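Please model the complete structure; the sequences and the hints are all you need to start from.
These protein sequences, in sequence, are chains P and S.
Numbers 166 to 438, taken from my numbering, label the letters of the first sequence in order.
Numbers 476 to 611, taken from my numbering, label the letters of the second sequence in order.
By construction, these hints were calculated from the structure, which means they are not laboratory data.
Everything numeric in this text was worked out from a predicted model, so none of it was measured.
Every clue listed holds true.
With a straight-line Cα cutoff of 30 angstroms, these simulated DSSO-like cross-link-like pairs (lysine-lysine) come out: (1) 498/S x 377/P; (2) 422/P x 387/P; (3) 254/P x 528/S.
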Amino acid sequence: MNEKTEDFEGKINKKYKSKVLLKTNLGLLALFGSIFVFYLVFLFLESQLMLLWIILIITTVIIPYTIINIATNWYLNRYIDYFSYHFEKDKIVITHGVLTKIKATIPYSRIQNINIVNGVFDRMYDIYTVKVETAGSSAAAQAAQSGVARPEGYIPGLKNPEIVEKKINEMITEYAGIPSGLEDKVFKPEELAFDNFISYILSKMREGDLLKTSISELRNEKGITIAELAEKVGVPAQTIQFLEEGRYSPSLLLAYKIAEALSCKIEDLFEIS
Amino acid sequence: MKFKKKIKSGVKDIRNEKNLTQKELADLVGVSRQTIHYIEKGDYNPSLILAFKIADVLKTPVNSLFYRESIIKDEINSLSIGESKQITDKLSMDRDRFESLSEIREEDLLNKFSRKELQKIAKELEYSFDELFEAD
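Written as C-alpha cells, this is what we have:
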C-alpha cells in the first residue's frame, strides 16, 4: 500500500538536509570561531611562534570542523535516504535510522494528537515537522523520566504537512473504529493459501469454543452446491468450504447471509460446542 | 430488486433490561468494553462466536439480539413526523405512500414505486441508490 501520489511525499524533502547543516554549522562556527579568535590573540602576543600557532589552528580548528561537516553531511544523506513513511490499513509505518534501523508502527487507534511544528530554521526553508503522539506507554514513561516526550511518530522535512495530517485523520476515521484484529475477513481467491494457513492456526487457537455447523446438511437438503451458495452469499466458494469443515469462523453478517440463502435460522446453522 | 440490509443491534436494550453495564457485559463475554460499545452502535460486524457468547450471557436468542433490517426501512422508521413531511412536500408525494415504504415487500417494490421515484427518495434520505437497493 505504498501510496505515492504527486503531492504525497512518503520521503523527507531534501531541504531538510540544508536545514540541519545550517543548524550544525552555526553551532560549530560559534564553538570553533571562539577557539580561533582565542588563538589569534595569542598569535599577536607571541608572533615568534607563528608556525606553532598555525599548526595548532589547523589541527584543532580546521580539521575537526571539516571532519564534523563531512560526517554530518554523510549522516544526513543516509538519514534522508532511509527515512520513509507510509500508511497501511490500520497503522502508519515509519522506517528510519542510519546505523540502527528502526521500523516504527503506530496503530491509528492509539494516535492521540498530531502536531505540526515549524521552527525558526524550518521557516527559512519552508518545511515542517509532523509529530504524531500516541497514548503509548514508552513515550509516556520517557516523558515522566526526562520531562521531554519524544513523539513516537516523527516525520521531519515535509513540504506539505497538511496532506499527511489529512491522510492520518482520514485513516483514523476510516479504520480506528474497528478494534484491530476483530474485523471480518472474507478472503479473496489470491489470499486463499494464506487463508488456509491462518484458518488452521485460528481453529487451533479457538479449540476452546468450536463452532459446529450444519451448513452442508442444510445445503444438501435444498440441493444447492457449494458454488451456488457461495455465489448467492457473495463469497469465494472456498470460504463456504472452510466454513463447512469448521476451519473458519464466520462473522455475524456472513452467517446471516447464509441463513437467508438457505432460508433457516442462525441457530439451525451453527452451534457452539 | 432487493433492499440492501444492515445488521441492527438490540444488545443495548436487552443489556439495560438485565441491568448490566457495558463493562459488566464485556467482562462476562471476555471482550473489551469498546467492543461492546461498537456492537451496540451497530456499525461493527462481530464474529459469530462473539454473537453467540453475548446471546448466551444475556440468555436471549441471537435473532433478537441482532437482526437484519433494510437500510431504507430503518431510515424511514427513524424519521420524525416533521422530517418525513419535509421530504414528502419536497417530492410532492403522498405521506402514506412514502411511509408505506417501511412495510413494503421486496416483490412489490417495483410495482408500487418507479425506479425514478426511488432514486429521488434515496437522494432525500442522503443515500445513493446503490446504497439502498441492489439488483436481484
